[in-house]
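Construct the complete structure from the given sequences, taking the supplied hints into account.
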Amino acid sequence: MEQQRGFTLIELAIVLIIIGLLIGLGAGLIGPLTKRAKIVESKEIVDAAVSSLISYAAGNKCLTDNLTQANVRSTTDSWGSPLFLRVAPELYEEYCNPYSGNICNRKTTSLIVKICQDSACTNYQIISNVAFIVASKGPNYNLQIANGTNEVWVYIAGLNVDSYSGTYGGLTDPNRIEEFDDIIKWITLDELRVKIGCLMQIRIVNNELPYGFEGNSYNATVFAEGGVPFSSGGKYKWCREGNLPSGLIANPPTSSTDCLNLSEGFWGQADNFVISGSPANNTAGTYRLTFFVRDNNDPAGSNDNVAQKTLVLTVNPTTAITPPPLTCASCGMYSGKGDCERECTGPGKKCERDYCGSLECWKCSD
133 MEQQRGFTLI ELAIVLIIIG LLIGLGAGLI GPLTKRAKIV ESKEIVDAAV
183 SSLISYAAGN KCLTDNLTQA NVRSTTDSWG SPLFLRVAPE LYEEYCNPYS
233 GNICNRKTTS LIVKICQDSA CTNYQIISNV AFIVASKGPN YNLQIANGTN
283 EVWVYIAGLN VDSYSGTYGG LTDPNRIEEF DDIIKWITLD ELRVKIGCLM
333 QIRIVNNELP YGFEGNSYNA TVFAEGGVPF SSGGKYKWCR EGNLPSGLIA
383 NPPTSSTDCL NLSEGFWGQA DNFVISGSPA NNTAGTYRLT FFVRDNNDPA
433 GSNDNVAQKT LVLTVNPTTA ITPPPLTCAS CGMYSGKGDC ERECTGPGKK
483 CERDYCGSLE CWKCSD
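The sequence shown runs 133 to 498 under my numbering.
Just so you know, these hints were derived from the structure itself, not from any lab. Just to be clear, a hint being listed does not mean it is correct.
As the list claims (entries may be wrong) - Derived lysine-lysine pairs resembling BS3-like cross-links, with alpha carbons at most 25 Å apart: (1) Lys482 <-> Lys495; (2) Lys193 <-> Lys317; (3) Lys367 <-> Lys239; (4) Lys441 <-> Lys481.
Here is the structure:
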């Protein structure tokens, strides 16, 4: 019989060496793979926090600087460090009234992000009108961004910096210069407005003015809505292009041949724009008037929300017949929503609120 041969010591040694090499290679990969997994997890945590803040903004029309209040799934990253949150001051607390649409009405914020190419941030790209920023300290447990008065500096990956010092989230942040590895995401105001479904920032509601008669009392109100109203002295500022017929006055009285280039200080402030009086004799005709309204989006400058609309005021000649009282029907509208819905039928038709002079009415539109 042929004898069975076993492993020689040399063969066994070779096998053990190979097994040892494989174990060594595997052990060497454990650290990098674990780090990579935690980085991926932290990116997902930051993304989830951003989504929660957007959802909070959609429901409240304001933001919060409290991650717990925003129902963020995790307020710490995968290494257990608290997430960093910075919110534009105009979008929360006393500058933003919940449920009133302040985010949708606002055009700018004071918060900016600088993407720095060097540690001193002398070479940078600037991101303006930022709504909020969320960041993780990254695998080095060290928040390295610069958190300035109205700006946050972030750095290109691998740059040796540490621009944050002090306490954050109840923990003292280490002060050591090392490769930048913070995980950061920000949302601009325009992005936020789109994501929460904002419509027009400010608008003039009226689509027409009631007609008048020579020698008869006349009153019309131009309404605006949206934007960032002034806290006192009237919600908006107004300007008018075009001349009124003799006998009628405007409140506010401001008029110009070029309202858009007229300094804000000369605009008249009021909740609404009112035309009143009695058209004088021999003033019959049509008067083309363009109304401008602006809000308080930029108290220190001129970057406000502005809307304009051109309406026609028709004055009829004097007649022996007393003009009928102003009703919604005078403007081809309905006094009640139900009346409008009964008549407004067909594909794409809908009833919308509008004004006939100072009367609130309903109109059928496509």
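Here is what the structure says about each hint:
no.: 1; hint: Lys482 <-> Lys495; in the structure: holds (8 Å)
no.: 2; hint: Lys193 <-> Lys317; in the structure: holds (21 Å)
no.: 3; hint: Lys367 <-> Lys239; in the structure: holds (17 Å)
no.: 4; hint: Lys441 <-> Lys481; in the structure: holds (23 Å)
Hint compliance for this structure: no hint is broken.
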